[in-house]
Every structure is written in C-alpha cells, then in structure tokens.
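Engineer: Chains A, B and C supply the protein sequences, listed in that same order.
Reminder that position 82 of the first sequence reads as 82 in this note's numbering, one-by-one numbering, no gaps.
Reminder that position 343 of the second sequence reads as 1343 in this note's numbering, one-by-one numbering, no gaps.
Reminder that position 189 of the third sequence reads as 2189 in this note's numbering, one-by-one numbering, no gaps.
Warning: the hint list may mix true and false statements.
To be verified - Just the calculated beta-carbon pair ranges, DEER-fashion:
no., chain 1, residue 1, chain 2, residue 2, range
1, C, GLU2261, B, LYS1273, 33 to 41 Å
2, A, GLU127, C, ASP2037, 53 to 61 Å
3, C, GLU2261, A, ASN123, 27 to 35 Å
4, C, ASN2302, B, GLU1278, 26 to 34 Å
5, C, GLN2145, B, LYS1229, 18 to 26 Å
6, C, MET2257, B, GLY1272, 36 to 44 Å
7, C, ASN2450, A, GLY74, 46 to 54 Å
8, B, GLU1278, C, GLN2145, 34 to 42 Å
Rather than coming from a laboratory, the hints here were simulated on the basis of the structure.
These figures come from a predicted structure and were not determined experimentally.
Glycine included, every Cβ here is placed at the ideal spot set by N, Cα and C.
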Amino acid sequence: MKKVYVNEDWCLACHLCEFYCAAANSGKSLINAFKYSDKKPVPRIRVEEGSEVNFAVQCRHCDAKPCVKGCIAGALSVVDGVVVCDENKCVGCYTCVLSCPYGCVVIDEEGHRIQKCDLCTKNHNGEPACVQGCPNKAIVFEER
Amino acid sequence: MLQREGETRIPAGCAISGFINRSGRRTNGSVIVNSIACMHERSNGLGGGFAGYGIYPEYRDQYAFHVFYDSSESRVKTEAFLDRHFDVVNLSRIPIRKNPRITDEPLIWRYFVNPLPTKLQDSQLDERTFVARCVININDKIDGAYVFSSGKNMGVFKAVGYPEDVGDFYRLEEYSGWAWTVHGRYPTNTPGWWGGAHPFSLLDYTIVHNGEISSYDANRRFIEMFGYKCNLLTDTEVITYIVDYLHRRLGMPLEDVAKVIASPFWSEIESGKFSPEETEKIRHFRNVYSSLLITGPFSIILGYNYGLMALNDRLKLRSMVAAEKGDTIYISSEECSIRTMCPDVDKIWSPRGGEPIIAELDKNCAERVGK
Amino acid sequence: MAVNFNNALFEIVRNPDRCIKCRVCERQCANEVHKYDPEQDKMVANELNCVDCQRCVCLCPTNALKIRPNENQFRMNGNWNMQLMDEVYKQAGSGGVLLSAMGNPQNYPVYWDKILLNASQVTNPPIDPLREPMETKTFLGKKSQKITYDKDGKAHYEKTPYLELDLPIMFSAMSFGSISKNAHESLARAATALGTYYNTGEGGLHRDFYKYGKNTIVQVASGRFGVFKGYLDAGAAVEIKMGQGAKPGIGGHLPGMKVNEEISRTRMIPMGADAISPAPHHDIYSIEDLRQLVNSLKEATNGEKPIIVKIAAVHNVAAIASGIARSGADIIAIDGFRGGTGAAPTRIRDNVGIPIELALASVDSRLRDEGIRNDVSIVAAGSMRSAADVVKAIALGADAVYIATAALLAMGCHLCRSCNTGKCNWGIATQRADLVKRLNPNVAYERLVNLVTAWDHEIKEIMGGMGINSIESLRGNRLMLRGIGLTQKELDILGIMHAGE
C-alpha cells in the first residue's frame, strides 16, 4: 500500500509539513487555522532536527500496531492498512501515546483526545498535505 | 522604384515541364512549347524560358555562350574579355521572330568558344572550372552583360513574357534536341528583367524550378564560400550552384546529390530502411553537407549534358508528375502538359517527395558525352 | 556606534494579516535576515542583509512576504546613481575590489530584442510541427567536404570527430566549486535525458559523474584543475577555456573556504587551499601555442574527440576566431558579455566585452568570407534567454547554443547575483551542506529537462512558421531576420535588413 516516506537527504527542517498537516486536518486555510482559531491546531507530523540530518516523522502504519492493540475504547482500528482513530470513541486515556515507539500519536489542541496521521484519508486534501507541501520532495507518498 | 533581380529577392511560383529521349532521338522545340502553353494559368507573363540539349551538333565541342547586353558598350567590353580568355570560333546574333507580346528585348548574342590553352594553363584550373569562373566573372563584373547559357551542345532561351511567346520569339521550332525543359514564371513582383527569367544555367547545368525555398539564405551563404556569387538572389540560381558544387566539383553521383539536397528524414534514417553502410553515409551527409539541405517547397528539373533529374522537396509541397513512353521520360507540373506531348503514355505516376527521377542517355548513345 | 553609509537595497514587506509566524523564512534565510522576536511575538527583519533571492517569498506558505526596492533613496542625481554611490561607500570602507556574480546587468542594448523573425505567407506554406517531421538534430565539429567514389560507386570520405545533439542547446560550463554537487548532478542527468551535453567547467569531474561521460564536455582551463588522462577520456569532447564572457582577461578564484573534501579531491588540490586560475594559460601566449595545446589534447584523446576552444566576445573576436579555426580546433564557443559567472570583479563584468549577437554575426561572416566556416562549428553563449533568442542565434550563424543562466533559473535561481558569497539559499552556488541539500537533483533535473524540451517545441513551432523543417536550413539563414530600430551600422554588422525592407 502507498505510505508516506521521508528521505532525510532532502529534508531541510523547514517545518512547512507541520503547518500544512495541521491546517489540512483542521479543515481551515493556513491563515485561518493559525491566526483566527481559539487554539492553534496540532500537526500530526513532526520534524526531528539534528545538526546535519533532519527527518519528518509521522505514523508508519506499522505492522505491530501497538496503539491499536492497546486502545481500551476501540477507537483505533485499521482500515485498508491505515491506522485511523474514531474521535467519538476516544476517551483520552493516552495508552496509545505511551505505546507508540515512534511518538507519532499526539494529543489534540483541546487536550482531551488523541489524533494521528491517517494519510489525509479523512480530510479533503487528496494526496497527504505534508507530501504536497514539501518544497524539496523529501516527503513522498508511494508504494514500496 | 522597382528593383530588378539581384537587387531584391523575389519569390515566384511557376510551371515546369521537360522530357528526354534516352536513345538520343532529337525532337524540335515546338513540342515543349505546346506542353507549357497548356499550363498558361501557372505563369503570369513575367518570365519564361527553355533549355535544349543536343541542339548544336555542329559545334558540339565548343562552349556555347548566350549573352544579353543592355548596350553595345557592354558588348564591346564583354567581347574584349572573351578575346582575352577564349578562342571565339563563331559569333552571331541569336535569330528571333518579332512577337507583339515580347518587348524591350536586349541585344542577344551567341558565341561558340574554346578556352585559350595558355590562359587555361596559367589559371591552374580544370577546363570546366575555368569556363565557370569566366562566366561568373562577366556576370559579376561587367555592367549590362549577362551570360545566360554556357554549356556545350546545349542552349538556354529565355525572356520576359509567357513561355509560349518566348518559344515563338526564339523560333524554337528550328532547333532539335534530345532533351528539353521549360519554365513559366509567376513571380510575386515585377522585375521585368530578362536575365531573371528561368532556366538558370551554369555550364551545361540548367535548372527549372517551381517553388520558394525557405532555406535560401542558409544555402546561399554556404555556397558562396566556394567561389560562387549569387547575384540574382533567386532559388534557381542557388540550386544550380549547389548541384554544380556537389556533382561537378565534388564528383558526387546525382543519387547522392538528391540525398544531400532533399535528405531523408531522421525518422526514415533511423527506421532501418537503409543498409548500415548507406545509413552511415546519409548520416555523414546530414552532418557535413547540412547547409546544402533545401527545405520549403520545390520541384525542379535539372538538365545536364547526358540527362535530366527531377526532384521534389521531401514533403512534396509542389506538384510534379512523371510519365514514360518507350524510351522517353516526361516530367511536368501537371499531367495535362504531359498528355499534350504524348497522349498515350505507357506509365504515369507522381514521384514521392525527395525521391529523384534520373533519366540519362543510354551508355552507348552517340550523343552521350563525358561519363 | 558605527555609521552605516550604505543604503539597504531592499525593503521587506510582511503582511501581518497573513503571517502565521511559521518561521520558514527565518529557517531558510542563510543571510539571517528574518528573525522571530518572542518579546514582540512577531517576525522581524534585518533588511541590510537581504540580497533579494526570493527564497523566503517562494516558501512562505501564506504569501505574506514581498521584497521590493528600498523606498529610501539618496538624493536623485542623473550622474551619480544610488548604485555607484553605494559602491563608493563600500570601497571606502573596505579598500578592496568589488565583486559581483552572474551576467552583466547594466542597461546596454539587447540586440535579441531588436531582431524580428519571419514567417511564411501564401507563396510558401508554413509547416505544422504536429503533422510533419520537424528536425532539430545538430552535429558539431569540422565538416570535411572531401569525398571520392571508387569504380563500384562506393563513397569514401573522411570522418572527423563530432558531437551529436538531439537539439541545438547545451549546458554551458559551470565548475563543481562554483556550483554544488547536486547542481552538477542535475545538469548531467538532464543532458543525458535530453541527448545533449553539459560542461564540467574548470573544476574537474566528480568521481560519481563519470557515468554521464558520453554527455559530458570536460573543460581544460588555465588552472588545469582536475585534469588527467582519465578525465580527458571520460568526456565526449574537450573544451579549452581561454576566456569567459563575464570576465574577459580575468582568471578565477575559488576561495579556500569552499574547498572541502569533495572539491579538493575533484580539483586535485589540498583542502582549504585557494584555487586560483591564472588570467592566461601560461603555456599559451599566442595563437601558435594554442595550436600546440589543441594538438596535445587531440593526441591525448587519440584524435577521437572534438576540441572546443571557448573565448570571450571581445572587440577583435572575428580575427581571433579565424585564428582558432586555423588552429585545428573543431568547435569555437563564443561567450558574450552577458554571460554569467560565480564571481567576477564588478568593473570587469560591467564594462568589458561585447554583445554575443554582434560577436556571433561578425565571426560567422568572417569565417565565411575566409571560406573556413566548415572547419569549425560555432557555439554561441552569453545570455540565451528564450527559444526565440536561440532561433535568432542560429539564424545569425550559430550551430548550437550554450545556456547556463536559464538552466540555473530552472533549478530555482532568482538572479540575486550573490553567488560569490557562497550562501546561495537555493542550494546552487554554495558548498554549505545544509544549503546544498536544498537542491534535490530528482526535482531539478526534471525541471531542466522540461525547460529545454519546451524550448525545443518552441523552436520547432517557429521553424514551422518559416516553412523550415530542419534546423540546418535555419543556420545562417539571415533572411529570416529583420532589425527593428537599429542603425545601418548595426544592421551591417548583424548582416540583416531592417524591418520593412
């Protein structure tokens, strides 16, 4: 299946992916999401910066899926290989946050629920927003 | 003021026609006159001309110069030049018949000449190059003089007017040749100069051409590196020089000349239709003789001292029809003109763009000179 | 506190209604112009450092930025413009020669813009490139006319080394050092995909790029950096660089700080050492010396590779070209005064040399007058800005053109002309690892291929309009050109008529 991959050779740590991700999942434009919202949206991708190597990290939709296994509310499930969260079922226990080895499950801007990358399958973005917005094609959406 | 040929470039559309009898059987000029008369609409009365091969059997070893003079002054200068470089065997005015539609004729003279052996030797040139240089010299340097025919046992006859009137004017029914070509001109300007009519010739090469080539200046600027002077700024002139350069000076067979001036497209070359050796040769031609490629519409008939070659541009942007009857080959812009010359041909076809038709005197024909 | 005599050249306009403080401008500016100020909770700018490279503008996700000329102006003066005054202040402060980069930006005439093209009407049909073959394949090299036929009619001819281009555009010399490894890789891969050539410039050939050798022209310049047998063998042709349009008569200087391990190994010089190319080749003080170098390189490459001699367009360029044509070189590259550079003294760049249009026209005419145009091909360089410029260059007499500035633009360059600072925000003219990685060759090579392919389409479209279906019929076809608003002298030099004639 197609997933988001990051090539650290080309990641510039410009952090644009974070902004595009957050805005896309908030359903608002960048300006409205960050200037005219009560709380700034939280991105589901995060750039890890090093002295030479930078790397954007988001859910790998990994085979082990400790988050799904550990979910006490049945909010996390796998749909066509994509780990998705049903926000209506999430009770905010954060078991998944603790169990994700990549640190890719994050707490939303309200602080009551979790959110995570669903490859932009639940918004109207089409191709994942981080991929579209990457200025150096460091983030790609492809079959491997 | 209108400028004459050579002062400005004048595009022209036209009609052409020609035939050759491969056995060397001679036909009088009235046949070719009739063939062009039926394509009257393709000319506009601003130029017509003929080339006949085998018409001077009694002077077959002399170069026959046909010359236009604007004044007797230019004639005196030219004759002085001729006397310095040639042994003039015979000279006369070319006989004409007055025609109400042919006016303002210049003085028209004919000379049969041999190069002076001492001059020829001093020049360190071969005989034909020597003669060609002298012709180019007269046309370039002597004001009011224009040599419009300079081959052996052949002649060009041309004027401003419709070609059928030009034929009448020059009394072509009195000449017989084994090959004839003719040209009716439709220039887009009114130069009114006789030298600008076609065929254009150098030595025994004559060209009648219908079209307007878009590669003109690329061709001209290249060929002028080799001692040619394109004074008339016409397509026909530059094509003649290209043929002279490739065929006479480089010794290229006409099949290869056609591959240079109307070369196959790269898609054809790379399609594998030619043998590896032939492919290599064509690639070489397209590399080193690339500036002699002629693009834009043309259909030409080249006459030379033992044959005719007809050739269309590689996209065939001008009409040209060929036919065969026994040992005679006919070529024309239109089928009607071929039917005028020979109503019951054995075969008639439309040659493909870039594919030459080469018809030559039989190898054992007595008329055949040179190769 | 020190007095700042210089005016900031640019003003940064940030729209507060759009700025979301994402700080991408701050992270992407190697000149450290933008900064987030936590006390004010907003982005601030140090405009004195701005070079107007447009990186921040292009990456700003909300289009909140504009860079425009500083509204603050020195008092208007018809003689002393702001730039001149600014330069005086700089020199009064530094005592040094002013450096600049890229091509001459001054307001000299651009002849390309004063030449119009022809098209067919009525007497001669235009050709539709979508329906008919339209050919732009080009050969570069000596064109020996000799041919003989044996008695079986088989042709025998002399084969001389040549370059075969699928289209008449090549990438001009830019050294590894002046531009980044990623930029080189992009050019090499694009040349390969396009069936044309790129040029190593004088900085040698990186070991990773030997695999693109058959689409590579290797350059031998006065510093001889990275030149050895393997290098000469790797390329399809060897170019001797005698001069460069941006700085005729001047050598080169790659500062030691740019000579990192990769460059040191490629140029075969110690790490951190300045790479200085002398102004002349010290073994070429005259035309007969050039002939020896041409012959040496031919010998070193077994006579199999064409030798290019590249010169800057200077006043007597026609005579120089004629000398080069007789020196055994196969191709002459002429670089006009608008040609780019990674660094040149400002006074040289802005005042030395002549336009490529005039140089090309006079060289082509001269070689034809002397009957030696066949001995060499001509490659024109020094600001080919569009397919129309390429068509005009070929009609004036060029066999092909070199592009470099246009290629850099395709990769992202915005002509801020600060290559010499080594802080190229687009990852092109820099060796700083964090900046170099901004140029992803997978993206850049595709953009180069797109650009040249687009130009090729346009060339074919223009040729079709003229009724020409093969590029060779355009070459030197000056009847297809007319001048507009030119003097008789200019028309004579260009060998063209005025519009309406």
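Engineer: Which numbered hints turn out to be false for this structure?
Structural biologist: 1, 2, 3, 6, 8
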